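Go by the hints and put chain B onto chain A.
Protein chains: 2
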Amino acid sequence: MEQRLSIITLGVADLKKARKFYVDGLGFVPSSASQEGIIFIQMGSIALALFNHDALAEDATVPPSGGGFRGVTLAYNTRTKEEVDELMKLAVKAGGRAMRPAAEANWGGYAAYFADPDGHLWEVAWNPNFKLGKNGELILPK
Amino acid sequence: MEQRLSIITLGVADLKKARKFYVDGLGFVPSSASQEGIIFIQMGSIALALFNHDALAEDATVPPSGGGFRGVTLAYNTRTKEEVDELMKLAVKAGGRAMRPAAEANWGGYAAYFADPDGHLWEVAWNPNFKLGKNGELILPK
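So the protein lines, in turn, are chains A and B.
Numbering follows the numbering used here, in which position 68 of the first sequence is assigned residue number 52; successive positions increment by one, without gaps.
Numbering follows the numbering used here, in which position 108 of the second sequence is assigned residue number 92; successive positions increment by one, without gaps.
The following block holds chain A by itself, in its conformation from the complex (with noise of 0.2 Å):
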């Protein structure tokens, strides 16, 4: 079997507020395949997709009803500590929630969290010792 992840989908309350974040905010780019229900968006080898939550609930056959830590963050690495902070700041300006100021981590770099509108939360993280290829991919040694 290939080692591979396809699909990210986080379950929003609304999506056209979800548009406006990431859209409309962080600026990134919805594909074609997008449709009224669902927003595509291509992160490297992977699709980003948002999704009504109930309706995810549903597709997975779940009841839709939950609270409190998810058990799941996103990251995203940037290429310089100087971008951790200009990131926190269009997140924040963009309608996010900061929740964890940026700061040195023990790890050896520099990261923050936000959360985005529906509370999905994403760290934000300059690691010296995790390599990003030219497109921005992540590169773990083998």
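It is possible that some hints are incorrect.
Restraint ranges, calculated between C-beta atoms of paired labels, are given here [claimed, not checked]:
| hint | chain 1 | residue 1 | chain 2 | residue 2 | range |
| --- | --- | --- | --- | --- | --- |
| 1 | A | A89 | B | D(-2) | 19 to 27 Å |
| 2 | A | Q(-13) | B | D38 | 25 to 33 Å |
| 3 | B | R81 | A | P48 | 16 to 24 Å |
| 4 | B | K65 | A | N90 | 43 to 51 Å |
| 5 | A | G21 | B | A(-3) | 27 to 35 Å |
Calculated from the structure, these hints are not laboratory results.
As the structure is a computational prediction, the values presented were derived from the model and not from experiment.
All C-beta atoms, glycine included, are put in the ideal place defined by N, C-alpha and C.
Relative to the frame of chain A, chain B by itself:
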């Protein structure tokens, strides 16, 4: 700002159990960047990380409690319809739970869902409308 997603981290109750599922069961190969408390797995341009659930919440400075639907799903897109059944069998054999049996989907493909031992939901989907590149990358139309 570059359009990028670098890491998705799944909170897990027991890293040894998570390793058994993802590494021994599904056959994903951990990077040598993995450490005692964290497993990193290269997934195309991003990394999948497995990390203690409570420590992940602490890192994001949120309370660790939570339950119900997480509002996030992952997807593994296959090259063929048959692979959906094969991967579902493998996931269940590895200790995952079949959530939705494989069936024709209303968007024209064939899909199923499983939950990993911590309840993280994975869709396994054959989607003839979405192109996979030679390295398994999902290629959306612009």
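Each hint, compared with the structure:
1. A:A89 with B:D(-2): 19 to 27 Å: The hint (19 to 27 Å, Cβ to Cβ) holds, given that A:A89 and B:D(-2) are roughly 25 Å apart.
2. A:Q(-13) with B:D38: 25 to 33 Å: 27 Å, holds
3. B:R81 with A:P48: 16 to 24 Å: 18 Å, holds
4. B:K65 with A:N90: 43 to 51 Å: 46 Å, holds
5. A:G21 with B:A(-3): 27 to 35 Å: 33 Å, holds
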